[in-house]
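As given, the protein sequences belong to chains G and P, one line each in that order.
Just so you know, we're using my numbering here: the first sequence kicks off at 1 and counts up by one.
Just so you know, we're using my numbering here: the second sequence kicks off at 1001 and counts up by one.
No wet-lab data here; the hints were simulated from the structure.
Everything numeric in this text was worked out from a predicted model, so none of it was measured.
Check each hint, because a few of them may be wrong.
According to the in silico footprint, chain P covers these stretches of chain G (three or more CB under 8 angstroms from chain P) [to be verified]:
#, stretch
1, 88 to 100
2, 317 to 327
Pairs of lysine-lysine residues, derived as DSBU-like cross-links and limited to a Cα-Cα distance of at most 30 angstroms, are as follows [unchecked claim]:
#, chain 1, residue 1, chain 2, residue 2
3, G, 112, P, 1214
4, G, 174, G, 129
5, G, 174, G, 114
6, G, 114, P, 1253
7, P, 1046, G, 160
8, G, 184, G, 160
9, P, 1046, P, 1253
Now the stretches of chain P that chain G is said to cover, found in silico as 3 or more residues with beta-carbon under 8 angstroms [claimed, not checked]:
#, stretch
10, 1148 to 1159
11, 1197 to 1204
Positions of the beta carbon are idealized from the N, C-alpha and C atoms, including for glycine.
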Amino acid sequence: MQRQAAVEARGARKVYGSGPAAVAALERVSLEIAEGEFFTLLGPSGCGKTTLLRLIAGFETPTEGQILIGGADVTADPPNRRPVNTVFQSYALFPHLTVAENVGFGLDMLDKPKAEVRATVAEMLALVKLEAMASRRPTQLSGGQQQRVALARALAPRPKLLLLDEPLSALDLKLRKEMQSELKRLQRETGITFVFVTHDQEEALTMSDRVAVMSGGSIQQVGAPREIYNRPVNRFVADFIGETNFLQGALEEGGFRLASGALVTLSDDARGGRPSGAAATLAIRPEQVRLGAGGEAGLPATVSETVYFGTDTHVHARLADGAEVVVRLQSPPSGEIGLSPGAAVTLRLPAEAVQVLDD
Amino acid sequence: MASAAERLAVSDQTRRNWLLAAPALILLLLGAAGPLLVVVAYSFLKPGEFSGVTWEFTFDAWIGVFLQQDIFDETWGLADAHLAIFWRSAKLSVLTTVMTFVIGFPMAWFIATRPANKRAIWLFLVTIPFWTNLLIRTFAILEVIRNQGVINSALIGLGLIDEPIQMLYTDAAVLFGMTYVYLPLMVLPLYAAIDRFDFRLAEAAFDLYASRWKMMRRVVLPIVRPGIVAGSILVFVPSLGAYVTPRVLGGGKNMMIGNFIELQFGQGRNWPLGAALSMLLLIVVLGALLLYVRVSSDRAGERHG
């Protein structure tokens, strides 16, 4: 028997407005998220990720399609009848209630006995390490603390599903890193399915079990972070997740013929059975390109610029036809890689690191 | 040393400032504090034979507000007629406040949830009655509810009733009139408060299993409370001193305190009693305002402390 999906979208489509002014925010998206998974919806703003989240929460009803939670169709249910809680981007903490009252709000609404509410609130505040703040008001807390109250409030009713709408975007970098591991810990400890929305690809890669990359209202690719990063299915995914060099050319017997004339060997996996003669794009990550001295075997190129990033140094090299390739090198102890603009170098593109994307 | 000259210049400056402010201060003293002091003074004097006062100090007026002496056996008892008027005034003012809230809250909610470019027109519609003279509006209501008025004529014409329903000259008529007159004073502060309300909080409450009703009661009402308090004060205070509406719609029997005060200065020929009643009204209103300040500064304290 197949395992029950925690949440499932079946051809969910959402159109705002009507007539000629109608805008489709989401295009017939189908998706299954497994029980206990940390699932991330990743994409640029306006890609439909927040709309999909709001459809799951029940704040919006789909124009077409269905939303199922734990196998039950909840498409017509309002948010207060779905076993789902949300951590809002703005936190949306109740300013007139104390931290403890905020955390207990959901249980209160479910008419749980007072003693049970008190016990759960204490447990949740301990989980997010805010026991000392129980009687404060949200406005008296820092951004990070408010964030943790919002988390505790959403977790307290033990939802089947926790939705997180860009919850870390308002925090500074250091706090964001802390909250990322905090979220992972909370997810492990509670075993609740997390659906996390972000536009930050690094956040998505480090935290998720699986990621759905979205663009233009539809899902481009769903997979584990490594899969998404190493085997992007199209140019959008390759470009959006991390940095990628794209080189134009065509497939041939035995490899990929670049516009500059050089032939790059492909793995069978990368080639994926594509016929010879088809125009395509070759993609390779900057850290996978090998840099050699001028005159060695490989693609001859000229350094146009080097950019120092601290741990890494990016070398921008130009091929014979003018196409630019970025190479990421680890900075040596001296910080100087000893390449100045104009230097002749050789680039090697290892067969196992090269991807072919259809145009 | 220069400081003596400087000091002189400064005191010169101060004198000039006072001199410049003097006309305003004199006007304020004569125009606001003066009449009030006259009212206070009158409340401690004896009534004149036909009108006005005779300058003789006494507490009679203040005692007369609450107590009265039986003309036959000269025993003191509570001034039942006065107390009935106080009670009616307080009851009608509270009821008016409640009614304006019950009607005004959905109105304010409706306006605040319209698209931004439509709200101005709705607010304008709410304030339209304000641009019409109060007396004319009150007579318009009279025309609607009197025995030969629009409602009774229509009901008789339809054959639903044979005799006109007595609506005019009842407490209900006064309540209806005051609710109509003071409704904008409730709607506007409520609108201002609801407009500031962050509707994402309503979404959060909804997400946390609150029904619409519970969301309203547990999240919206506590947060817009300053608007509710402001609107209630704005309606309650003028209701308590209302004169025109109870006079026109309540008639002579359903007096409120404002009419009763007027009576003392007119037919009653008891200026000191009128003055004492006016002071009492002022004290009650000040009490209500102090309560408002207390409540609103409590909110500020919560935010900062």
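Against the structure, the hints come out as follows:
no.: 1; hint: 88 to 100; result: holds (count 7)
no.: 2; hint: 317 to 327; result: violated (count 0)
no.: 3; hint: G:112 / P:1214; result: holds, 15 angstroms
no.: 4; hint: G:174 / G:129; result: holds, 18 angstroms
no.: 5; hint: G:174 / G:114; result: violated, 38 angstroms
no.: 6; hint: G:114 / P:1253; result: violated, 53 angstroms
no.: 7; hint: P:1046 / G:160; result: violated, 80 angstroms
no.: 8; hint: G:184 / G:160; result: holds, 17 angstroms
no.: 9; hint: P:1046 / P:1253; result: holds, 27 angstroms
no.: 10; hint: 1148 to 1159; result: violated (count 0)
no.: 11; hint: 1197 to 1204; result: holds (count 5)
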